[in-house]
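Just need the whole structure built from these sequences, with the hints factored in.
Count the sequence shown with our numbering and you get residues 21 to 275, in order.
Heads up, some of the hints might be wrong.
[To be verified] List of simulated lysine-lysine pairs, DSS-like, C-alpha gap at most 30 Å: (1) Lys270 / Lys254; (2) Lys125 / Lys212; (3) Lys254 / Lys204; (4) Lys254 / Lys203; (5) Lys125 / Lys91; (6) Lys212 / Lys254.
Read the hints as simulated data drawn from the structure, not as lab findings.
Values in this document were obtained by computation on a predicted structure and should not be read as measured data.
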Amino acid sequence: MEYIDTHSHAYDEAFAGCEDEVVARGVAAGVTVQLQADIDSRERGRMFALVERHPGVLRPMLGLYPGSVDKDWRREIDALEAWRDRDIVAVGEIGLDYHYGADFKAEQQEAFRVQLELAAAWNLPVNIHLREATEDFFRIIEDCRHLHLRGNLHAFGGSVETFERLRRYGDWYVGIGGVVTFKKASLAETVKHIPLERILLETDAPYLTPVPHRGERNESAYIPFIADFIARQKGVSPEEVAAVTTANAKTLFAL
21 MEYIDTHSHA YDEAFAGCED EVVARGVAAG VTVQLQADID SRERGRMFAL VERHPGVLRP
81 MLGLYPGSVD KDWRREIDAL EAWRDRDIVA VGEIGLDYHY GADFKAEQQE AFRVQLELAA
141 AWNLPVNIHL REATEDFFRI IEDCRHLHLR GNLHAFGGSV ETFERLRRYG DWYVGIGGVV
201 TFKKASLAET VKHIPLERIL LETDAPYLTP VPHRGERNES AYIPFIADFI ARQKGVSPEE
261 VAAVTTANAK TLFAL
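Take a look at the structure:
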């Protein structure tokens, strides 16, 4: 079976010294493409260096993570242009995150809008990080409806109602990761009601490791555990989950 991990950070310091082995384990598990989400200028060089060592397997995104937004956010976004010609598959991960406070709430919203405009100008999908900012997210997406955006909500943990609300804005998917396997996760029930044709698989490695490896460092090789769990919840075969989610990823990210 072939899988695509649509959100990973194989270049993260958690993998220091073993990045190539981690990528190779993913490929051995059938994860033939592993999309790398961008964070900010401090980590971007390390990401692209790893991508260059694994052409065709690692594919990069480009964007400013909301948790990295501060008073110098415009300088960070201006710096994106220098990397634009590196075979980018999406603008991401971008979005809103108020979990650790609202000191830069206004700046996050403005940086998000600017990057949505970049995605439209570059004709790329967006990979969205959203945490404790749902209403502001939908307000901005509504304001940007004229941009005809497409993309996905990474690490989706919302309700069926949130998914249906998102779908009203066009060509949108949700990224389902290790959280769906957690014992008390409401997402396990929610995923039963989301069409497989709108689901992408992801790890967010090194974070959010699925059962049975919860508590360990996550990596792309664990995608099959997520796919198998979704298959059981939806009453379909693992082969169908692999085939449909891989086709979804190839379509959205033009892989």
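A quick look at each hint next to the structure:
| no. | hint | in the structure |
| --- | --- | --- |
| 1 | Lys270 / Lys254 | holds (22 Å) |
| 2 | Lys125 / Lys212 | violated (34 Å) |
| 3 | Lys254 / Lys204 | holds (18 Å) |
| 4 | Lys254 / Lys203 | holds (17 Å) |
| 5 | Lys125 / Lys91 | holds (11 Å) |
| 6 | Lys212 / Lys254 | holds (5 Å) |
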